[in-house]
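Quick note, the sequences are listed as chains H and R, same order. Numbers 1 to 167, taken from UniProt numbering, label the letters of the first sequence in order. Numbers 1 to 138, taken from UniProt numbering, label the letters of the second sequence in order.
Keep in mind that the hints are not guaranteed to be accurate.
Unchecked claim - Pairwise CB distance ranges (calculated):
no., chain 1, residue 1, chain 2, residue 2, range
1, H, P58, R, K108, 15 to 21 Å
2, R, N103, H, V15, 37 to 43 Å
3, R, Q88, H, V23, 48 to 54 Å
4, R, Q102, H, L3, 47 to 53 Å
5, H, K111, R, K97, 48 to 54 Å
6, H, L3, R, P99, 34 to 40 Å
7, R, T136, H, V15, 53 to 59 Å
8, R, M1, H, R119, 38 to 44 Å
9, R, P84, H, A19, 55 to 61 Å
10, R, K108, H, E25, 29 to 35 Å
By construction, these hints were calculated from the structure, which means they are not laboratory data. Please read all numbers here as calculations on a predicted model, not as lab measurements. A virtual CB, placed ideally from N, CA and C, is assigned to each residue, including glycine.
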Amino acid sequence: MALPKRIIKETERLVADPAPGIVAEPHEDNLRYFDVRIKGPDGSPFQNGTFHLELFLPEEYPMAPPKVRFLTKIYHPNIGARIDKHTLTIRLIYRFADKLGRICLDILKDKWSPALQIRTVLLSVQALLSAPNPDDPLATDVAKHYKEDEKDAQRVSREWTEKYASG
Amino acid sequence: MAKVPRNFRLLEELEKGEKGIGDGSCSYGLDNSDDIMMSHWNGTIIGPGHTVHENRIYSLKIHCGESYPDKPPTVHFLSRVNLPFVSQVDGKIDPLKLPVLQNWNRDKSLETILVEIRREMANLNNRKLAQPPEGTTF
Chain H
1 MALPKRIIKE TERLVADPAP GIVAEPHEDN LRYFDVRIKG PDGSPFQNGT
51 FHLELFLPEE YPMAPPKVRF LTKIYHPNIG ARIDKHTLTI RLIYRFADKL
101 GRICLDILKD KWSPALQIRT VLLSVQALLS APNPDDPLAT DVAKHYKEDE
151 KDAQRVSREW TEKYASG
Chain R
1 MAKVPRNFRL LEELEKGEKG IGDGSCSYGL DNSDDIMMSH WNGTIIGPGH
51 TVHENRIYSL KIHCGESYPD KPPTVHFLSR VNLPFVSQVD GKIDPLKLPV
101 LQNWNRDKSL ETILVEIRRE MANLNNRKLA QPPEGTTF
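Next up, chain H with everything else stripped away, as it sits in the complex:
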């Protein structure tokens, strides 16, 4: 099963010239499946945490986006929404990362472009860690917490970082 040249090149660069705070390594038995660690950015409530993610390049990559998921629990206010096809109402689906670590990020969905890469995706995830955005109009409990008492919400984010991401 030949790996497309593009994936080989991206992998070589990820390993030889990693983005600061991001480690991504392919599994030996599946070169489309990456083990990822992202360091919590300094100055954010995720500082000193190392967040474990997994990334998979589907058959259609780069025409389809990579699939990315957090394996570490994280308290983060950004949320996603989508239109429910049956009721035509806006339904909250996930926070930035839901209970199963699924990430809501536009470039992983409708804003994906084949010009983006594994590196750009992981940098975007890292950027979301630096800049939790509680002003999203579709607030969940965490976003509400961030808006009403940012200090306390940051405290919980820090607590979760310490509890789940310091390993």
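Starting from the known structure of chain H, arrange chain R on it as the hints suggest.
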């Protein structure tokens, strides 16, 4: 073809299950919505019509190990049922007696297991088997 790793495969199955599969006679979901490794699942089968199982609702538990989907999950009936491939001690399905588990490959899924079990219930040898009282559990 790219080989979809366990966790992304289970996420796909979860999303499919949440939308609802087939005619609704079989369904499944995660036992705990924050089970990050997605190991523990529950399944429901509505007994097929024109059999002793008609109108009965059967609950099952399904465990997907680390090697899923290269290896099949283990499946237990929670509701009492009398079928040749189900242990009458604990409700466990004997994988050697159920073709979908015995001939397991990556193309099969939690959905195909439940649909196959339901088909077995309606099979000529099983459709009239005497059943324990409705609503009893292992």
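Status of the hints after comparison with the structure:
At about 20 Å, the beta-carbon gap between P58 of chain H and K108 of chain R stays in the expected band of 15 to 21 Å. Under the hint 37 to 43 Å, the C-beta atoms of N103 of chain R and V15 of chain H, about 40 Å apart, fit the expected range. Between Q88 of chain R and V23 of chain H the CB atoms are about 52 Å apart, so this pair conforms to the stated range of 48 to 54 Å. The given range of 47 to 53 Å is broken by Q102 of chain R and L3 of chain H, whose C-beta atoms sit roughly 33 Å from each other.
Look at K111 of chain H against K97 of chain R: about 50 Å separates their beta carbons, and that is inside 48 to 54 Å. In this structure the supplied range 34 to 40 Å holds for L3 of chain H paired with P99 of chain R, their Cβ-Cβ distance being about 35 Å. For the pair T136 of chain R and V15 of chain H, the supplied restraint of 53 to 59 Å holds, since their beta-carbon distance comes to about 58 Å. Look at M1 of chain R against R119 of chain H: about 25 Å separates their beta carbons, and that is not inside 38 to 44 Å.
Between P84 of chain R and A19 of chain H the beta carbon distance is about 57 Å. The supplied range of 55 to 61 Å therefore holds. Under the hint 29 to 35 Å, the C-beta atoms of K108 of chain R and E25 of chain H, about 30 Å apart, fit the expected range.
In this structure, the earlier hints numbered 4, 8 are contradicted, and the remaining ones agree with it.
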